[in-house]
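Trainee: One-letter residues, chain by chain:
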Amino acid sequence: MRLIELQARMRQTLLTGGSPDPELLALLADPPPQRERRLAVYRNNVRHALLSVLEAAFPVVRELIGAECFTAVALTFVARRPPRAPVLYAYGGELADFLADFQSLAELPWLADVARLEWARNEALFAADREPLQPKRLAAVPAAELPGLRLTLHPSARLLESAWPIHSIWDAHQPGGGALEAVDLGRAETALIWRQGGAVRQRAPGPGEAALLAAFALECPLAEAAETAAARDPNLDLSAVLARLLADGVLAQST
Amino acid sequence: MNHARDRATVPPQAGIGLRHPHLPAFLAARQPVAWLEIHSENYLASGGPRLAALERLRGDYPLSGHGVGLSLGSAEGLDPAHLARLRALYDRLAPELVSEHLAWSTAPDGTFLADLLPLPYTDEALDTVAANVGRAQEALGRRLLVENPSTYLRFREADWDEAGFLSELVRRAGCGLLLDVNNLYVSAANGGDDPLASLERLPLAAVGEIHIAGHARVATPVGELLIDDHGSTVAEPVWTLLRAVLARTGPRPVLVEWDTDIPELPVLLAEAARAELHLREMDDAAD
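If you read the protein sequences in the order shown, they are chains D and H.
My numbering puts the first residue of the first sequence at 50, with every later residue one more than the last.
My numbering puts the first residue of the second sequence at 52, with every later residue one more than the last.
If you are wondering where the hints come from, they were derived from the structure by calculation, not from laboratory data.
Just so it is clear, the structure is predicted and the values come from calculations on it, not from any experiment.
One or more hints might be untrue.
Stated by the list, open to error - A few chain H residues that don't get close to chain D, going by computed Cβ distances all over 12 Å:
1) A158
2) L255
3) P272
Claimed, not checked - Simulated DEER-style distance windows between Cβ atoms:
4) H:E315 to D:G225: 46 to 52 Å
5) D:E273 to H:P62: 57 to 63 Å
6) D:A78 to H:I313: 32 to 38 Å
7) D:P82 to H:E208: 19 to 25 Å
8) H:A145 to D:R199: 46 to 52 Å
9) H:A145 to D:S101: 48 to 54 Å
10) H:R222 to D:N93: 31 to 37 Å
11) D:A78 to H:E315: 37 to 43 Å
12) D:E54 to H:P62: 42 to 48 Å
13) D:E117 to H:G282: 45 to 51 Å
14) H:A295 to D:R133: 41 to 47 Å
15) H:E287 to D:G225: 42 to 48 Å
Said to hold, decoys possible - Covered, in the sense of this in silico footprint (three residues per stretch, anywhere, with C-beta under 8 Å from a C-beta of chain H), are these stretches of chain D:
16) 51-62
17) 79-88
18) 130-137
19) 171-177
20) 260-267
The C-beta atom is built at its ideal place from N, Cα and C for all residues, glycine as well.
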């Protein structure tokens with residue numbers, strides 16, 4: 050058998066849980082009773098390695114559906130959407146969409162968005178480094194130039210809008226976090242995720258601040274961003290919100 | 052980037068594989084270990100704290116970049132995008148040693164299988180691997196050390212045994228050998244061979260680095276298999292085999308690997324200290 054065909058056949062056998070390809074088993078030199086067991090070592094290695102990557106990236110999803118269910122779902126995902134590149138920290142971005150389409154999980158409608166949130170945390174950890182915008186830099190901008198100033202989000206920052214209280218659900222699964230029973234499942238939340246000082250941080254900005262951040266993400270001029278935010282929340286204290294975002298290292302200056 | 056130290060080689064001393072749980076200890080204080088090895092694929096991100104930590108440590112320790120994803124055995128050739136990612140990382144870190152495995156992990160459709168999969172030792176596979184090693188050395192601008200794999204099965208069709216395959220690969224591609232003593236032991240046990248006999252036939256003059264690690268013994272209905280899980284201390288027969296290797300190669304950089312159930316750093320440092328002891332024995336014997 051040509052090497053390319055052998056490798057294509059092994060790929061099929063290793064990613065799925067069924068009985069191995071008989072033509073592949075026939076290629077092995079080991080005694081026939083041992084062949085399946087020996088091939089199974091590789092199948093276990095492959096599936097376990099990829100399952101471990103997903104377990105590490107999606108701990109809250111795993112707690113929400115239980116370890117056993119997570120293993121079953123994750124291994125199905127591994128078989129259908131295996132990695133396309135040898136860079137495992139980038140594997141799992143498609144899991145949220147996969148969960149959304151998984152019929153038996155439909156009773157947890159927020160699950161896919163919690164997975165998106167966990168993936169955003171993963172992305173924030175590995176995103177490019179960049180010096181956040183310093184408050185004194187902003188203070189030095191002449192008043193006349195402020196309305197036209199274009200700010201943007203730090204490369205690690207992600208803004209995730211959901212119809213579900215994803216930040217609160219996530220927080221309830223953290224040590225010292227809130228109680229899951231106390232989470233109002235009828236409330237929509239936007240989650241802000243970013244990296245500061247090497248650690249991933251997360252909170253749920255209100256509607257006005259979320260609108261402001263969404264405008265910054267589009268690099269709208271400051272005056273326009275403030276107007277959009279005020280339209281969503283007339284009581285928004287713009288200078289306090291900006292001061293906090295700057296102190297937290299969420300913002301960068303548009304280049 | 053420029054690094055304070057100017058050095059061309061990893062010393063013939065004991066090193067350990069740098070793992071994420073140990074980064075804080077390394078950042079807090081200089082650890083008693085001569086050099087470090089990374090899994091290159093763990094540091095390909097654009098930024099973040101792990102890469103920053105490695106950049107800091109780089110100035111203090113000689114470094115080996117150990118790739119686990121290039122898939123030298125792929126019939127479809129190497130992924131140019133991955134070669135470019137590795138090149139950028141190696142240009143940034145300037146590791147003294149760079150290694151990959153005699154294995155494949157990327158299927159013909161581009162699927163990455165996240166394991167080091169076995170090759171049939173055929174002439175066709177040798178042509179493939181030799182061409183891929185040549186291409187990788189050119190694209191990375193560095194000589195590669197190629198590691199002997201741990202294997203759990205063998206293919207019926209074979210023009211070479213593993214030692215013969217590696218010797219011919221070294222000769223054709225001009226690469227070096229990363230001799231993993233645990234893999235040598237595990238593969239010999241799983242294949243019913245004598246590891247010492249295999250050792251005598253390996254291209255030992257090309258050994259640029261040595262690996263040791265723990266393995267697991269797993270009972271199956273069809274007999275015992277040794278699994279190269281890097282999840283425990285180095286087994287006594289592997290230490291014995293290491294001494295036999297060093298007696299033939301002379302002192303070489305020896306790396307302790309530990310990847311599952313990663314222990315506290317002192318456990319790993321104690322393993323490295325024992326390896327260092329065996330290296331010193333070689334020096335004493337030579338005096």
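Trainee: Tell me, which hint numbers fail for this structure?
Mentor: 1, 3, 4, 8, 9, 13 and 20
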